[in-house]
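A.B. asks: Residues per chain are reported as follows:
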Amino acid sequence: MKMTIVVHSGDFDKVMSALIIGNGTLSMGGEVTLYFTFWGLQRLVRGELSGGPLSKMHFLGLGKRMMRKRMKRNNVATPERLMEDFKALGGRVIACEMTMELLGISKSDMEERWIDVYGAVGMYVKETETADKTLFI
Amino acid sequence: MKMTIVVHSGDFDKVMSALIIGNGTLSMGGEVTLYFTFWGLQRLVRGELSGGPLSKMHFLGLGKRMMRKRMKRNNVATPERLMEDFKALGGRVIACEMTMELLGISKSDMEERWIDVYGAVGMYVKETETADKTLFI
Amino acid sequence: MKMTIVVHSGDFDKVMSALIIGNGTLSMGGEVTLYFTFWGLQRLVRGELSGGPLSKMHFLGLGKRMMRKRMKRNNVATPERLMEDFKALGGRVIACEMTMELLGISKSDMEERWIDVYGAVGMYVKETETADKTLFI
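Protein chains in written order, with the working numbering: chain A, 1 to 137; chain B, 1 to 137; chain C, 1 to 137.
Note that these hints are calculated values from the structure, not bench results. Fair warning: this is a prediction, and the values are worked out from it, not measured in the lab. A few of these clues could be false.
With beta-carbon atoms standing in for the labels, derived distance ranges [as the list claims (entries may be wrong)]:
#1 A/Asn74 - C/Arg46: 48 to 54 Å
#2 C/Met28 - A/Ala77: 48 to 54 Å
#3 A/Asp116 - C/Lys2: 26 to 32 Å
#4 B/Glu112 - C/Ala120: 29 to 35 Å
#5 C/Arg46 - B/Gly122: 45 to 51 Å
#6 B/Lys72 - A/Gly104: 47 to 53 Å
#7 A/Ala88 - B/Val117: 25 to 31 Å
Partner residues aside, some chain B positions facing chain C, computed with beta carbon under 7 Å [claimed, not checked]:
#8 Asp13
#9 Gly24
#10 Met28
#11 Met66
#12 Arg70
#13 Thr78
#14 Leu82
Quick reminder that beta carbons are idealized off the backbone N, C-alpha and C, glycines included.
Chain A extracted, bound-state conformation (with noise of 0.2 Å):
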């Protein structure tokens, strides 16, 4: 199988459950492309991941500290290992070029080791081609 996902969204929660989807599948031998636009792109700027100011305050009701205290406890990884694991399982990486332009971020504001290429939506679409699941989050 070959996914492609759209991260449109920034929401901790939701990164997170594009990045363990992804995981999952590409543990399971899939094919996983992920397409970083609008508010999901600005989690690339370099230390936004899971921290930064864009950050969301809560997190299923609990405050960040005790959800990060909560993960650690249950083994979920963090979101810099679940892409660190995302980038080590072979996923792939496109950031839409678009939305840097209109928030005026340069490539080296990105984590740019995490980004396979920069791209706009017609990227997306060709790498969307041959994929047989399809996600938008």
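Please arrange chains B and C on chain A, whose structure you already have, making use of the hints.
C.D. replies: Chains B and C in isolation, oriented as in the chain A frame:
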């Protein structure tokens, strides 16, 4: 057709959309699996599907009581009824174990008659491998 | 490829994402059907696609006026223009009748030139049966 839907959101209107699409697909001969996770999982706690402290106070700009009234007048089923129909039509429900562990929810807290199986993302991926339609809600 | 997109959200950025992905797919020879329901349906009321009382005041942390300015400077089309392009490229729009009934919206309130057909979830499922890509936005 076989559809899998990740129910990540716990918003009243989103859960309703998931169930309406699920029931529509089942009614037309399709197969549907719902994977409840994060906020969506919390809706499977007893009494939380449309009531309880987690419910949104506003729905399409209307109060919840007004919404219920209009739904009734227009013969739109409640979420509980939609879920009963979903099960009666042969729909399948997976409850995300990771979310339960993170939030300290046990099986005895859950509306167990709606749940076919408790599982992790691997179970979702396995179900999705044979699906030709996939949604994330 | 054939894609169906449920436009459940009425958020300015989400509707834009739906149209950008839709237009990208149509431009590359695909077929696309948008099913507007719940908050998304409200965007098809005359004057509501990007303006009106329903519009979000903030977009990516910018005010709406600033956003419009940056979009113009970066040659990003407005939602209205994206919708016109979507129709010109052969995209198909279904408006959810259940939402209209629930909210007491009549056809005369709608931007009728954008709507191909009024229908319920069964029409969405029928369209989706022959689709190989599905999104819920």
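A.B. asks: Now tell me, hint by hint, if it's right for this structure.
C.D. replies: Against the structure, the hints come out as follows:
1. A/Asn74 - C/Arg46: 48 to 54 Å: The hinted range 48 to 54 Å holds for A/Asn74 and C/Arg46, with Cβ atoms some 50 Å apart.
2. C/Met28 - A/Ala77: 48 to 54 Å: Because 36 Å falls outside the window, the suggested range is violated.
3. A/Asp116 - C/Lys2: 26 to 32 Å: holds, 27 Å
4. B/Glu112 - C/Ala120: 29 to 35 Å: holds, 32 Å
5. C/Arg46 - B/Gly122: 45 to 51 Å: Given about 48 Å between the Cβ atoms, the range holds.
6. B/Lys72 - A/Gly104: 47 to 53 Å: holds, 50 Å
7. A/Ala88 - B/Val117: 25 to 31 Å: holds, 30 Å
8. Asp13: holds, 5 Å
9. Gly24: holds, 4 Å
10. Met28: With a minimum Cβ separation of about 5 Å from chain C (threshold 7 Å), the hint on B/Met28 holds.
11. Met66: This interface hint is violated because 10 Å lies over the 7 Å limit.
12. Arg70: holds, 5 Å
13. Thr78: violated, 13 Å
14. Leu82: Check failed: Cβ of B/Leu82 comes no nearer than 11 Å to chain C, outside 7 Å.
Violated hints, listed in ascending order, are 2, 11, 13 and 14; each of the other numbered hints is respected by the structure.
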